[in-house]
Amino acid sequence: HSGVHLHKCNDALIKHVYAHENGFAGIHVSGTTVWDTIKYDNHNLYIGYCVAENNPGDPSVLNNHSGNGILASSVKGGTIEYCEAFNNGWDMLWTENGPVGIWIWDCTDFIIQHCISHHNRTNPVAADGGGFDLDGGVSNSLIQYCISHNNEGAGFGLYEFGAAKPWENNTIRYNISQDDGIINGGSLGIWKSENQGILRNCRIYNNTFYNSLKEGSSIWLYDNYPGVYFHNNIFVYNGALISEGKSPKDEVFLGNLYWNLEENITFLGYGTLGEWATATGKEQYDDEFIGLFQDPMLKQAGSITVTDPAMINQESMSGYIPLPGSPLVERGLNLKTLLNLDVGERDLLGTAIPSKNNYDIGAIELD
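Quick note, in the working numbering, the sequence shown goes up one by one and the last residue is 444.
You may find that some hints are simply not true.
In the DSS-like style, the derived pairs of lysine-lysine whose C-alpha atoms are separated by at most 27 angstroms in a straight line are [claimed, not checked]:
#	residue 1	residue 2
1	413	326
2	433	376
3	376	326
4	376	323
5	116	85
6	359	413
Derived from the structure by calculation, the hints contain no laboratory data.
Throw the hints in and build the complete structure from the sequences for me.
As structure tokens, this is what we get:
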């Protein structure tokens, strides 16, 4: 049911594969450790320069998802890079959990980078159908320098179904989501199965989340989760920041910019972002309000059409470069000094950061 399927492998290398018209997945790496709290069956995995296109799903499978692009599980030490996943998942009849373009579960020490996942689908009444996903039991892993656009599910999913290993210590940085969540999920989805598993500790910083869909939200937050931090992100949305009326409690928001495309200044049940900050203590540092509710002044947000990861460059991403005078410029927090975070050395386009005296907000700095 998969174009490439590896099971229990060490030092596997998958490069330049074009996987299409498969049922379960284009590329699938699997193991047997879902209920093991320590072990992994695959080690040192590399998947690069691959395309997973039009893997529609298997309509005869009625007990689980199908129609994934690239999927890996039970891996200790892995990389997926310079891959594209699109138009997957459109023929899945299962109505519960769904497929995703590029995702992992039950993995640790894994990097997904320089990938594009777009126009992926799911059953109209099922979940998922998103761009990228760190799912049950993932730890110490990273999604960076990736683009998700026009997916039916969340651009970036952080999900825990109840695996034996905890979902913890993961990072999402220098990514863009554009008009994701056509059916569910918004730009970013965070969910854990009730009374099962652990989801905690994630740093989400310097991303650009743009959603111009009708009632399009930035975040789908199923519940509240400890140790989830949002810093230096751009949240541009057309409905509410957080869908379905949820309000963050344990999550930390500090140093982000927010903007409603209809210029509706009400914010999560409060009159303004400032009122919300005063009431909740969020977007405040040393008793100073530092969140921004302003037009980010991007050149032409919403204009991404790029599909080839090799073409992520100044020209193809020009719509998301800040204009001179943008409130994003040099307004980002220095997370190195503030939180002792290793924030890397470059933004989405490879620009050395900070390119000026201080960091910018969002995935792309004004060079």
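Where does the structure disagree with the numbered hints, that is, which hint numbers, in rising order? Hints 3, 4 are the ones this structure does not satisfy, whereas the remaining hints hold.
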